[in-house]
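Student: Note that the protein sequences, when read in sequence, are chains A and B. Going by my numbering, the first residue of the first sequence is number 13, and it counts up by one from there. Going by my numbering, the first residue of the second sequence is number 2, and it counts up by one from there.
FYI, nobody ran anything at the bench for these hints, they're computed from the structure. Treat the hints with care, as some may be off.
Here are the simulated DSS-like pairs of lysine-lysine, each with C-alpha atoms no more than 27 Å apart in a straight line [as the list claims (entries may be wrong)]:
no. : chain 1 : residue 1 : chain 2 : residue 2
1   : A       : 73        : A       : 163
2   : A       : 130       : A       : 359
3   : B       : 342       : A       : 163
4   : A       : 130       : B       : 342
5   : B       : 342       : A       : 359
Just so you know, these numbers come straight off a predicted model, no measurement behind them.
Residues per chain are reported as follows:
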Amino acid sequence: MDPSQLIPDPDALQVPWIIFQILLILTFVCHLLLMNLMLGGSLLSAGRALSGQEPPEFKTKLPILIALTINFGVPPLLFVQVLFGNLLYTSSILMGVFWISVIPVLILAYYTAYGAAKGRPAAARVWAVVSALLLLAISFVFSSNMTLMLKPETWPEWFGNPTGTILVLDDPMLYARWLHFIIASLAVTGLGTAGLAGWTKRADPDEPVPAVRAGLKLFAYATMVQVLIGVWFLLTLPREVMMAFMGQSMYATVLLALGILLALAVIFTAMRSKLNLTAVLLAVLVTVMVLMRDVVRGGYLAQYFSYANLPVNLSISPLILFVAILVAGLVCLGWMIKTALDPAQRKEA
Amino acid sequence: MNYPTWLPTGVDGGSLIALIAVLHVYIAHLAVGGGIFLVVTEMLAVRWNNPRLLDYVRRHTWFFLLVTMVFGGVSGVGIWFIIALVQPAATSKLIHEFVFGWATEWVFFIVEIAALLFYHYLFGKLKDRPHIIIGWIYAAAAWASLFIINGILSFMLTPGRWLETGNFWHGFFNPGFFPSLVFRTALALTVAGLFGLVTALREPDGQFRALLTRYCAIWISLPFVLFVLAGWWYRSVIFNVVGKDILDHLPRVVNNMELFLWISIILIAGGIIMLIRWPRPMGALLTAVLVVLGLGWFGAFEYARENARRPYVIYGYMYSNSVLAAEADRLREDGWLGEAKWKPNAATPEPTIAEGEYIFAHQCQICHTVGGHMDILKRTAQFDVFGMVSQLTGQGKVNTYMPLFFGTEKEKRALAEFIVYGLNGKEPPADTPLEIPQLNADVPALDITAEEYTLLAWNDLGMHCMSDADDLWLFLPPANSLWAQLIKRGDPPEVITEGVILEYAVEPAHAHPEEQVGFWDWADELFGAELEPGFGLAGKRVTGQMDPAENAVAYNAELIPVVPYTDQGSFRPYPRFTITARDTASGELLAQTRVVAPTSTEIGCMNCHGGGWRVEDRAGFTRETSLNILRAHDRLSGTSLVAEAEAGQPHKCQDCHPDPVLGAEGLPGLLNLPAAIHGFHANYLPYTDGAACVSCHPSRPNGATLCLRGRHREFADCTTCHGSIADHALALLKHEANKPGAARLMRNLEPVYIDSVEAINPRLPWMQEPDCLGCHQEYQFKDVAAYNNWTPGGDLLYRNRTDRRGIMCAACHNSPHAVYPAVNIYNANLDNYQPLTYQGIAGTIGTEASCYVCHLTVPTYSGHHLHMLKVEDNPPPGG
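Produce the complete structure using the sequences and hints provided.
Tutor: Below you can see the structure in the form of structure tokens.
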């Protein structure tokens, strides 16, 4: 069966695809960083709980991180549906049982994170481990779905199994990809703990507190591992996709080179305990990675689909509404943050 | 068809949507109303300088955060997940059409989350004024997110002008937008009060707890004013769009609306009860009951709203099974398999059961499961392939809560075969012909020229149909009417109407109808008549004396309760009667003849309603068939026929539906029975020729009655005179056009024999029938033109008409549908007894110059009617 005949017809866009592409990449970077903090933080907490250590200082922040990760997951999920909905809905249906189970599992992970943050120490340890495992499971389901949507050649399996339990477990790319996210989560969490220590309790910017050093070290080691995983990930890609990064596409090759350079740079700055510089470089690095991810996706789908060909029914006014509300929302957020940080607004102790 | 269908084991997508959505919507309304509740209560606490109340707000914020942010937030994403799995095409449309609406909602969502986190974590730390402002920011953002999602949700039910313009704003600010917004705001405030109780109960101090409880009770009760007004507004807007039809024919919507109203009343009452100071355990119990009821409240409301949208997922735009309304006609013409993406192979010219399976997966399984919720097995168990095809033909036409079938007739059949053979595991029926016993129809030797009298007798109808499930329902009782005319041979012959007694007697095998059917046990309930067993509705038994007819030229015995069963219980639809004429004074036998009284219970209801035949695998109503019919009527028309029958009060159709055949007036505004029954089923029957008629009427070519047995059968089927089932139904319905039910039955019927509905002449059933003179103009066959040429009234019906001499048409030509020469499957000559005895020819009495049957000499002119001698007409002397 020709898999391309299975690809559903997409709906028309309201504005040109590039706007959605920009929105997707921007919001996905935010989501990714928050997700990394959430997942990596949970894994660290679980690790400490299992090895009998004290829970990390940031344990109370994890539920908030979950809330923010979910919240910042909404726009990329929205925009990916706009650009790739016909593929994503299909792959979601093929693995529907796993996909929908994300919701109850996430609710459990969320409540157990509160348990870990606020429960009695003994119970909190258990909750920390459970929460981390649940989040890990969710991450695997996400990696699986984002992989399945790229592989229409596996879709005819539906004819033998419409129950929604199809996974592409035989593709090593899936594991490389998943591991890539997990290691990134540990790295970013390292940076996050460094930031938590460095930015909120700084005494002397030239003399970093030990927590900052420790966090940046974790970041640096994890990133070193990440470089290896990245190479593996690259090798698991189909030849024509991989070759794009090997000179066949100037854009892709430059991204890869930039990615490797930035990775080496952040390892270097982190080892030197340069918190701010590492954070800035990381933001750029993650953006480069997200752009590379887009190249990979395009490469996989090249024979089937390109969002650049989606029909457009131009309708600008809703976009204007969104931008206006977004600005108002940001002003509102800014005011709240300013108020929260302003000692003059505090009650007398 | 564009997307694969998700068919999880053990659960169905629709139930999962309902589960996630109802839970989410409940909590989401709490998130909206609760924001206002929190900040208003905080302001009161500050104004009254009441630290305990402030502490209550602080504690409630934590509970509120855990419930709304965790469960509410994640389940909201869950709705996105589940609708994309179950309704991907509609989800894609909503996402693409309202992408910046969703994006805007996300902005409100993040402001909401940030504000709630600040509100919670800075409680007691921030000064009152900025804290209250943050509280209001939360409340405003939460309400604004309701504002946005309300636009998208209400769009699905009332898309309004968007259907024409495709404009974002027309879709968003659709007709349902504002009433729904106000309505949901009121719901949200009530829910805020409900959940406020939960934290209030944890207050240890009894007096203060009572105060808090009363405070929450006010929140529960006060919004009801808004709720009632907005609810009424919302309801009228929905009726404008989907029509009140939905209430009459979709009991599920009605039931849920009623449930919703009842819970509303209970919640108000609960609010009032909470004003009383209860002991803590009692208060906890009451609160738990109210919170759970609140969930049921939302469930009922959302369920009714979702069902009101049926058969669409986006009203007027996309059907529940993802087919676009604009594509529907094309799919029916060009076929579904050619268009579908998720099908096994390229469409074959003859779709197979395997392809039927994929049609099922895509067109049916969005809503129906196999063995679970909305179980297809339960709903189709009664069907064979014909019944299933009929169901697929009719669905979405009369009752619009299901979509039409989208595909060709062949694809429809493939789907039907998959459901019947593949899912229900039925076997194709064995094609063994019925054994029809051959009856003796020997004719005695009789020289009519040696007789003084000729006795002609007939049944007024060619077939009397009746039902035999009297304990459950009845559409017609056992009631054949025999007629006779006694003619004294001579020149001129004389019709004798005085000084004679005419008697009738059924053949011995049919002597005891009261032992064969339950009619006499239920005659009181059905007709209000206390009948002695064996006595008919006009007082006649199967043997007795005829009465002078009202027309003064004939004798008749009306409503003889003969049944199509012998005393041994065999199905025999043509009981024979002996008619005798005697001199009143002397008792001398003047003449004697035989006639059949055709009556049948081979009514094909079971072809679609299941249950099989009751008698000898060929006739009669089983209990199951009858109950299925009543259940369908109860479901579709909101009656309670099953319950009433089971409580000992069966009904006849004519209790409600007027019907001239019984002189029943029925209930005002209801369609007469023939219009209702033909109009409804015409929408379902998948044929345009006589096959449609004999699906129900006892004239199947391979059946046990074959009532169309007169000479017309040689070239005609039912439709030749009555029109196709659609033509027939339309003529009956046009007569009832001013009644509310007619338009709904007519809107999908297309005439076959005639150009347009406008050209169809309305007719009153039983009183206006195809006029013989339409084809036999001036008693001479011209052209087939019976349909739409109705007799003006009952007095001009064939069965009531006489010739110029007072001889009734049927006396010489026999009953309608059995016009001489008739061929009866129980013996070719069973109906031809009289012509064969009198003239030796199985034809019209007097045919081929057999005038001697009544005349002593052969007349030279067409004395009875024009052209009877088939020569240049000579008018009779004296006109």
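Student: Work down the list of hints and note, for each, if the structure agrees.
Tutor: Hints versus structure:
no. : hint          : result
1   : A:73 x A:163  : 37 Å, violated
2   : A:130 x A:359 : 25 Å, holds
3   : B:342 x A:163 : 17 Å, holds
4   : A:130 x B:342 : 51 Å, violated
5   : B:342 x A:359 : 65 Å, violated
Hints 1, 4, 5 from the earlier list are contradicted by this structure; the remaining hints agree with it.
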